Structures are given as structure tokens and as C-alpha cells.
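All chains should be modelled from the sequences, with the hints used to inform the complete structure.
If you're matching positions, the sequence shown starts at 40 in our numbering and goes up one per residue.
Since the hints were derived computationally from the structure, they do not count as laboratory data. Just so you know, not all the hints are guaranteed correct.
[Stated by the list, open to error] Pair ranges (Cβ atoms, derived):
no. : residue 1 : residue 2 : range
1   : Ala79     : Lys390    : 46 to 56 Å
2   : Asn284    : Ser235    : 53 to 63 Å
3   : Phe346    : Glu238    : 56 to 66 Å
4   : Asp283    : Asn608    : 31 to 41 Å
5   : Lys299    : Lys506    : 56 to 66 Å
6   : Ser587    : Asp283    : 23 to 33 Å
7   : Asn468    : Asn608    : 33 to 43 Å
Since the model is a prediction, treat every value here as computed from it, not as a measurement. Built from N, CA and C at the ideal position, the CB exists for glycine as well.
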Amino acid sequence: MAQKFDIGLNSKINEFCSKFNIIRKPDTDIEENGKKKIIAGNDDDIFEDFGNYVIASNFLEEELDNVKSVSTNKAQGIDGIVINVNNRLVSEEADLGIFGPTEPIKIKIGFIQSTTQKSFDEQKFSSFTDGVVKFLTGAVDIEPYSTIYKKLLDDSGNFIDRIEETPHISLFFLSARTSHNILENTINSEKTKINSRNEIENKFELDKISFLQKDEVKNEYEKISKLHTIQIKFENSIHLSSVDNVELSLLAIVKFSELKKLILTSDKNLKEKLFIENVRNYIGPTPVNLDIKKTLDTVTERNYFPFLNNGLAIICDKIERHPVRDKEFTLTFPRIINGCQTTNELFKKYKESAEKDNIDDIEIVAKIISTDNNILKKMIIYAANNQNSIDKDLQSLNEFHERIETYFLGKEENDFKLYFERLRGQHSNVNPPYSRVNIETLARVYISVILRKPHEMKSNAISVIEKFQREGKIFNSTNQENLYYYCGVLSYWFNNLSVNRSFFMKSKTMDMHILMACDILLEKKNCISIDEKINYLGDSNKAITIFSETVNLLNSKDYLFERRGLYSNPKTERLIQELNVPN
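What follows is the structure, encoded as C-alpha cells:
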């Protein structure tokens with residue numbers, strides 16, 4: 040059978056499939072009763088996910104780890120919706136809890152539609168714009184995005200008064216197999232559909248409608264790897280001696296004009312994911328931070344900033360010297376592991392400074408360490424963050440997290456190897472991304488499966504996790520580590536099977552209910568102990584079967600899909616009762 044995609048694009052799709060462990064099934068020709076018949080594979084579905092991944096990664100300026108986090112689950116006319124608030128992806132209602140009660144917000148929304156048709160279909164392109172208009176005007180609901188959208192822009196809500204500027208929207212139409220010269224008039228007529236609607240007038244600013252064909256799609260894909268690198272100039276630097284697993288490291292002076300390349304997004308906001316998640320996320324006007332602010336505010340003291348401030352510690356997978364410019368280096372996957380407070384105070388000063396009072400010439404001391412060894416990376420991260428005292432409860436929590444991490448590293452199951460990522464970037468070189476399980480994911484699954492409260496992980500997940508943590512219901516030192524490993528296994532299989540489209544969910548918000556129900560069905564198969572459940576899921580065929588059975592069963596429970604049904608405690612209790620009825 041003729042190759043479906045251009046060779047270059049095909050190779051990019053293969054890379055994508057390899058990264059996410061997606062099994063690709065191309066179209067095949069068979070002969071039946073003397074006639075040729077085409078058996079459709081999954082290339083159309085894969086290109087849809089590929090398109091969402093490519094556009095969302097570039098739209099967020101951060102590689103998308105969870106492909107399904109922007110998928111509309113086959114909604115009519117729109118394949119993907121990317122809601123970007125303050126450069127953070129908001130993919131479910133609970134994500135809104137990460138924004139402080141007075142934090143100013145900026146909103147950007149990207150809509151994505153992909154096609155593998157051989158010729159340009161103007162009707163499909165037009166239907167895509169129609170779908171966007173219906174979403175924006177509330178004529179159609181696409182969950183969970185419609186709920187997020189309404190909460191952000193509801194006149195009676197607590198977000199709308201904090202919106203700093205008119206929200207921006209962009210449309211991206213991807214065509215995998217065409218090289219069509221689309222007329223400007225065609226694009227303009229689609230723009231008019233949006234701009235002429237009275238219901239959304241002054242509510243949005245349409246940035247662009249992009250029509251991306253095979254060559255443009257390849258170019259956008261290639262930009263993703265560059266999101267992990269930064270070229271930066273150091274005023275002065277000293278090389279530290281090379282040791283095993285650390286080929287090149289530097290002690291350096293960097294001007295703020297160069298540091299901006301590392302810490303700012305293209306629209307001049309702070310890169311939230313630049314920081315390793317640690318106990319010293321920005322904590323406001325402490326005495327130390329006020330001292331940093333005072334130094335920055337006092338023009339005569341700014342020259343002394345490198346002497347009065349401890350500077351930054353940066354870890355990256357690789358450092359490369361520029362072949363010609365001796366002061367320039369390329370950092371691959373850089374993360375600030377110490378210096379969150381310093382960076383935030385510099386950013387605040389930068390945002391409030393007038394042109395005549397800019398801080399570009401301020402010098403900052405930086406230690407830059409490169410290693411791709413995960414064990415050494417962990418040691419460096421913790422050494423950088425444990426030199427100051429932290430309270431006993433937090434220290435105890437960190438120790439239990441370390442126990443979980445050690446347990447994960449000691450396990451080797453049949454079809455997967457999981458990593459507990461206590462700190463962002465700790466296992467940046469591990470694929471597929473869903474084999475890296477972070478603290479929040481583990482907490483969500485534990486509360487849903489072990490505590491039987493999946494409905495509480497929907498609208499206020501972060502505050503619920505914090506509450507349960509204070510009450511000792513999660514990450515309690517008396518818990519067995521294998522409980523958390525089991526939660527990681529459930530999360531792995533859900534994401535693996537979801538990205539391979541092994542099942543169809545009636546609603547995207549049923550994910551945690553699926554994991555809970557899967558646990559109950561395992562017990563009905565006489566897998567009572569946690570180790571028995573883990574062993575059962577170690578067989579990929581059994582895992583696929585039980586997840587498919589679970590999803591099909593839940594899809595048949597109409598009461599779960601009534602308004603806010605998946606957010607309801609009584610409906611969760613009803614589901615548990617029904618699942619526990621003997622066969």
C-alpha cells in the first residue's frame with residue numbers, strides 16, 4: 040500500500056509514537072472475494088494526538104507530557120483545546136486552584152483541528168471555525184473545557200475581575216497530506232465569523248487562524264526540542280574540575296539581560312516550570328526577600344548584588360560551549376534548583392521598572408551543573424535545598440516521600456518501570472512521560488482508589504490533597520509504600536491505554552472513577568492484597584481487559600453523566616454499592 044504520509048512527517052510521527060509507547064497500526068490492503076479492501080489503521084487518530092501535542096507544546100512553550108490533557112475526546116469539529124492561564128496549562132477544573140486568590144491572570148486559548156485527507160476540505164475548515172464559535176458562545180459544551188471557560192469568565196466569579204487584558208484566542212488547522220495554496224480571503228472569512236459575533240464582542244481578541252500543512256507541521260514539531268535549550272552569555276565563568284557523570288560545570292556571573300532568556304516566556308511572564316518543586320517556592324515578603332527587594336530598589340546598592348545575594352543554582356542535562364563565541368553556552372533542560380526567591384524578586388523588579396530604571400546590568404552569581412545521571416541529579420537537588428532548616432512535619436513528609444521513591448526504584452515489573460518524581464525534572468530523560476509519577480498524581484490516585492473519593496478530585500483537588508495531608512490520610516509514615524506503587528501502576532496503565540485508544544470514555548472527567556472501579560473489580564477477581572493486584576496488572580493482556588471492562592461498565596451508568604454527576608458523593612457511593620454486588 041502507498042505510504043500515507045510524507046517521509047519526513049512520517050519519521051516525526053514515529054518519534055512521537057516511540058516517546059509515548061503508542062502502537063501504530065497503518066492502513067492495510069486485503070483481498071476479499073476477489074476485491075481489494077482497505078482495513079483502516081489508527082494513523083488518523085495518531086495524527087490527531089500528534090497535532091495536539093505539537094501545537095500545545097509550542098502554545099505553552101513547554102513540552103506537553105500528557106497528550107490527552109488537551110484532547111476533546113472526539114467532540115464535533117474540534118480535536119484539542121489548550122487553555123493557557125499565566126503560562127500554565129489548565130486542563131481540568133481542579134487546576135484553577137493553583138492560582139492565588141488575588142493573582143492577576145492572563146488567558147490564552149488555542150483550538151486545534153487535524154485532518155489526514157489528501158486534498159484541502161474547505162467545508163471541514165469552515166466547520167472547525169463554527170465549532171469554535173459554538174464553544175465561545177456556549178451553544179455547545181465540551182467538558183471539562185466549558186466549565187473552566189465559564190468559571191474564568193463568569194461575571195459573578197472570582198476570576199473575571201483579575202483578568203489583566205482581553206483574553207486571546209488562536210485557531211490551528213493541521214493538514215497532514217496537503218500543500219495547498221489557501222487564499223487569504225478564505226482565512227479572512229473565517230475570522231469574520233468570530234469577530235462579527237455580538238455575544239463574544241470585546242470578550243476576546245483573535246490573534247490568528249493558522250493553516251498548517253505537512254511542511255509547517257514538521258517545522259512546528261522540530262521547535263519542541265528547542266524548548267528544552269537556551270543559549271546564554273556569561274560575563275565571567277570558571278570551569279569546575281570534571282568528575283564522573285559531570286562533564287562540565289561552571290561558576291559564573293550572568294547579567295539580568297541574559298538571565299531573562301532563561302526565566303521569561305515570549306510574552307515576558309515568568310516560566311513557572313523552570314523551578315524544581317521544593318519547599319521554598321516563592322513565599323512572599325519574608326525578611327530575606329525584603330532584603331533582596333531593598334538591594335534591587337536602591338540604585339547605589341545594585342552593583343553589590345552579587346556580594347549580597349547567594350545567587351542561583353541551576354542543573355541541566357548538558358552544557359555546551361559555543362564553537363565561536365567563548366562566553367556563550369547552550370544549556371539543555373535547565374532547571375533552577377535553588378534561587379526561587381531571588382528569581383521572583385528580580386522578576387517583580389523587572390515588571391515594575393521603567394525603561395530608565397531597568398535592571399538589565401545587574402549581575403547574578405550562578406552555579407551551573409550538568410549531569411544526566413538521575414541518582415546524582417537527585418543528590419545535587421537535595422543538597423541544594425537542605426542547607427536551611429525546615430519544620431519537622433515537612434522533614435517527616437520528605438522522608439516518607441524518599442521511602443516511596445526508593446521503593447519505586449527497587450521495583451522492576453514486566454511491562455513498565457515507574458519513577459516517583461519528587462521534584463520536577465528529576466527524571467526528565469525518562470520516557471514515556473507517564474512512567475514518571477509526581478506527588479500530586481500519586482495523591483489524586485490514592486485519594487480516589489484507596490480512600491474511595493474520586494469525586495473530590497474534580498473541582499478542588501489541590502485544597503483537598505492539602506487537607507488530607509494535614510489530617511494524616513495520605514503520605515502517612517504508617518502507610519505501606521506498595522500502596523503508592525500500586526497507585527502508580529494504575530495511573531500508568533490508564534495513561535498508556537488512553538493514549539493508545541484502547542477504550543472510549545463517555546466523559547474525560549471520569550478518569551479517577553475508572554481507577555477506583557478498576558480496583559473494586561480486581562478485588563472481585565480475588566486479587567485482595569496489593570501485591571496480588573500489582574501482579575495481575577503486570578500482565579498487559581489482563582490489564583487491557585480489566586480497564587476495558589471497567590470503562591464499558593461505567594459508560595453504562597447514566598447517572599454518573601448527569602449534571603455534575605462525577606462530582607457527587609452520593610453518586611460515587613451508589614457506584615461503589617453497585618460494583619460490590621456479587622456477580
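Right, here's what the structure says about each hint:
Between Ala79 and Lys390, the C-beta spacing of about 52 Å keeps the proposed range 46 to 56 Å intact. At about 60 Å, the beta-carbon gap between Asn284 and Ser235 stays in the expected band of 53 to 63 Å. The hint said 56 to 66 Å for the Cβ distance between Phe346 and Glu238, and at roughly 58 Å that hint holds. Checking the proposed 31 to 41 Å range against Asp283 and Asn608 shows it is violated: the Cβ atoms sit about 54 Å from each other.
Under the hint 56 to 66 Å, the C-beta atoms of Lys299 and Lys506, about 38 Å apart, miss the expected range. Range check, Ser587 to Asp283: Cβ separation about 47 Å, and the 23 to 33 Å hint is violated. Range check, Asn468 to Asn608: about 41 Å between beta-carbon atoms, so the 33 to 43 Å window is met.
Consistency with the previously given hints fails for numbers 4, 5, 6, ordered from lowest to highest.
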